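**Q** Residue-level listing of the chains:
2 protein chains.
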Amino acid sequence: MNGAESLVRTLLNAEVSVCFANPGTSEMHFVSALDRVEGVRCILGLFEGVVTGAADGYYRVAGKPAATLLHLGPGLGNGLANLHNAKKARSGIVNVVGEHAGYHIQYDAPLTADIEGVARPMSDWVKTSRSSKTIASDGALAVAAARKAPGQIATLILPADTAWGEADAVAAALPVAERLSVTKHCVQQGAKALEQGASTMLLLGNVALRGKALEWAGRIAAKTGCQLMSEYNNARMERGAGRVPVRQLPFVVDNALALLKDITHLVLVGAKSPVSFFAYPGKPSVLVSEACEVITVAKAEEDLESALQALAIELGAVDCLPLCNAPTYDVPLPTGPVTLDGLGVLFNVLIPDNAIVIDEAVTSGRAFAAATMGARPHDWLNIMGGSIGWGLAASVGAAIAAPDRKVIALEGDGSALYTQQALWTMARENLDITIVIFANRAYKILLGELNNVGGGQPGRNAMDMLTLDRPSVDWVSIAKGYGVQSGRAQTLDELALQFKRGLAHHGPYLIELVM
Amino acid sequence: MNGAESLVRTLLNAEVSVCFANPGTSEMHFVSALDRVEGVRCILGLFEGVVTGAADGYYRVAGKPAATLLHLGPGLGNGLANLHNAKKARSGIVNVVGEHAGYHIQYDAPLTADIEGVARPMSDWVKTSRSSKTIASDGALAVAAARKAPGQIATLILPADTAWGEADAVAAALPVAERLSVTKHCVQQGAKALEQGASTMLLLGNVALRGKALEWAGRIAAKTGCQLMSEYNNARMERGAGRVPVRQLPFVVDNALALLKDITHLVLVGAKSPVSFFAYPGKPSVLVSEACEVITVAKAEEDLESALQALAIELGAVDCLPLCNAPTYDVPLPTGPVTLDGLGVLFNVLIPDNAIVIDEAVTSGRAFAAATMGARPHDWLNIMGGSIGWGLAASVGAAIAAPDRKVIALEGDGSALYTQQALWTMARENLDITIVIFANRAYKILLGELNNVGGGQPGRNAMDMLTLDRPSVDWVSIAKGYGVQSGRAQTLDELALQFKRGLAHHGPYLIELVM
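Line order of the protein sequences matches chains C and R.
Using the working numbering, the final residue of the first sequence is 533, and nothing's skipped along the way.
Using the working numbering, the final residue of the second sequence is 533, and nothing's skipped along the way.
In case anyone wonders, no lab produced these hints; they're calculated from the structure.
One or more of the hints may lead you astray.
Since copy identity is lost for identical chains, a pair holds within one copy or between any two.
[Said to hold, decoys possible] Pairs of lysine-lysine residues, derived as DSS-like cross-links and limited to a Cα-Cα distance of at most 30 Å, are as follows:
id : residue 1 : residue 2
1  : LYS462    : LYS498
2  : LYS145    : LYS301
3  : LYS230    : LYS145
4  : LYS151    : LYS498
5  : LYS202    : LYS424
6  : LYS498    : LYS518
7  : LYS82     : LYS462
8  : LYS317    : LYS498
9  : LYS151    : LYS301
10 : LYS518    : LYS301
11 : LYS498    : LYS301
For clarity, every value in this text was computed on a predicted model and none was experimentally measured.
Bound-form chain C, shown alone (with noise of 0.2 Å):
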């Protein structure tokens, strides 16, 4: 047994059972030990930032690491965006990144690279195996790495002759690190804020958005009326009809100072104190008012469910019932010209039982969140990082780690194209998703953004770099290219039409809306 097939039985030990990849010379022991070895899935994507985003994606839905598998310092460059992404999520991915052999690096081959100095931005945990004795455990030691609540991106680089050399054993799967219990202190204290009422905020993030922490939480809203937010992206939300209502905080500055200007307690679960998106002349990057007090009960890391039940007890709110939202899809489907209301109201109607959203839309889905909030109960995942290019290869993970759910990804047009090569490794697969791209040929929020710095009106080498036009892309082709079946609408009864077909089609679809 080689080093590499050492790796691969390892990793199935520990529950590693998925690998995104896009591989090279330097994997090959890799590559071969996964042909080998029963057990482990290898999806291909053209470009290594559709295999760290289908990661990103496939943990947040699955609840546990994949493997990726790159191709040296500049493989991993590729999937660094996705990486940043995935790490801002707090999702836990097992990276392997090959290395030339030990000997080989002083040479200055032409793909010779810092490699640690590549991941290191991007990881939680980076380690250079040194033999391929030590290549079982180090991999061990990468999945409880990556397993560490709330999910860690650890990045293992396997340099080639640690993969073809003799291993002695495989490695057992380490005791993951449960989360960590809050104090009885957090707790009296975010519960005393909450007696406040309205004027309290309870914002919740990561898991504090799923399943029976999000219950507490609707409790504990009903028994004291604090309000219940959540940040402005989140990783995943359990939300529609029958759930626990919870807004998101808006991403523009001035509509959320707004709205926490009056905030006297924060009470933090799983979320941070909110700040602006990025820094804006004369405006502030803290959101709360100075005179609001910020209360964290529980850190991301921490036991959110435990933490927001025992905030429940403490405010006697265990028998009261969750706040729920009423359906709101049993309306007409909205017609006529594409507005954002009008899209938010199609969407409202049409998402499908137990559908896993993913939302790059940027501008076009402003209306969306408040829009769906009692659509078919589903599950809505965010762009965590703010680096674009995310959507369509997080869809790839999502859809790998839930076969039999819909996944629906809205797509602004500027994002899609950073990573479209997506599209193929969905036709391969026959992954079922439907795309819907939201094509204003343009990036429209820095058209915005430009504005908001005090950039003035856009001139020619402004509108050069905004805009997508001239030519306007054309997804039907694009679609076509890798495969994929596709339709365009110019309207909202176009739109119902395309998306109708696209969820009633087993595989992937993909629309493209010209706005």
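Using the hints, position chain R against chain C.
**A** Structure of chain R alone, referenced to chain C:
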């Protein structure tokens, strides 16, 4: 005048007049300054790998750096792979990377990352500007670093408040350091070795493969009978009929070993002593024999033309006629099924005068170099860092640098899929590029490498990771999607027809060659 404007004016002072860009909110003041100040041509890439690859191609043809404009750590991350290729090519590039305003970084907003950490592995020079007062002088330092022979990757990080704050002044261009002269001793050692004749190899790299430097080398070879070769890949070679014949070292280790085994003296001018691209079990990294004496006359950063002239003087070769390729292009076009040799002959006949050939054909291109030695005079650019996804992007930069020359991009399908967004920039700027996609529907090199490393016959997982069929990418549709005219060829006859059509068309034209 704000900091951003002082930087734009400083770049212009230093003759940086092209900016390949993919900006975001934190770069909006820089975008705005590019609007107000006349003279910088801004070219949008839909993905940062296009931006950095274009800057590499631009430098190799224009001989001076372009700027790039990138959005924070993840945007730079997306550009890293082609920065790696550019660094290995010794190209000069000035990266301008936006950062959050200095006071905002502490809040760990979603896009916050260690940008210097991301930059360092693929940069020769990194600096974060600390104030709107210093940004101009930092910009001048960045350009000077980029221009330092033979070329460097300089990354200037620009916190948003240094862009929007008040500046004092514009900075003048700093003097560009001249290339260092080689010592008389090195020249004498080199000349002594070259006098050994056919058992000596003169190995050229970097600018030794161009202009007068190349002619001196041709005189030396004519005089001494030494073997004249270049590294396997080269940043830019001037070749074709009437120019000095320089063969390239082979990629395959056994072929390189066979070619080098009887070489007793290796004389390096701008090249490094050859090493294998990857390590393989049981094969050496160093390709020259143990008995071979290696003499470094000049490193890539030194004055290669003077070094070769000094060698020629020392050897009494000044009045020799340089070796010279006879024209070979006046032969019939090959017909029938596609073969690698047939492709070589076809390009030998059809490469137009003064063309710029971008070669990322990988396995499909193995016969091109030898077959085109006597084609019409042209420049040939190789991928230098081995990170595929370079060619289409580099073609953009080459075409911007030389609008009156035809650019020919020879692309493996696997390679082209990494950064195919470059097609859109070609369409928008109407760049005169004829692209041939060698569509063998596989990472064919890896199928060979799996065997080379002893991986045996590929099984299901390996085939899933190494082939690009199921579905086959339809390149004609992809091109249409990006607004690029295209055609398909399945035989050499059809390829010749399509290639002539591309050459006759002013603008981008893509040919899918089904292999």
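**Q** Hints first: check each against the structure and report whether it holds.
**A** Cross-check of the supplied hints:
no.: 1; hint: LYS462 to LYS498; verdict: both (26 Å within a copy, 24 Å between copies)
no.: 2; hint: LYS145 to LYS301; verdict: between (41 Å within a copy, 27 Å between copies)
no.: 3; hint: LYS230 to LYS145; verdict: neither (36 Å within a copy, 48 Å between copies)
no.: 4; hint: LYS151 to LYS498; verdict: neither (47 Å within a copy, 51 Å between copies)
no.: 5; hint: LYS202 to LYS424; verdict: neither (41 Å within a copy, 73 Å between copies)
no.: 6; hint: LYS498 to LYS518; verdict: both (19 Å within a copy, 27 Å between copies)
no.: 7; hint: LYS82 to LYS462; verdict: neither (35 Å within a copy, 33 Å between copies)
no.: 8; hint: LYS317 to LYS498; verdict: neither (45 Å within a copy, 49 Å between copies)
no.: 9; hint: LYS151 to LYS301; verdict: between (55 Å within a copy, 22 Å between copies)
no.: 10; hint: LYS518 to LYS301; verdict: neither (43 Å within a copy, 58 Å between copies)
no.: 11; hint: LYS498 to LYS301; verdict: neither (45 Å within a copy, 44 Å between copies)
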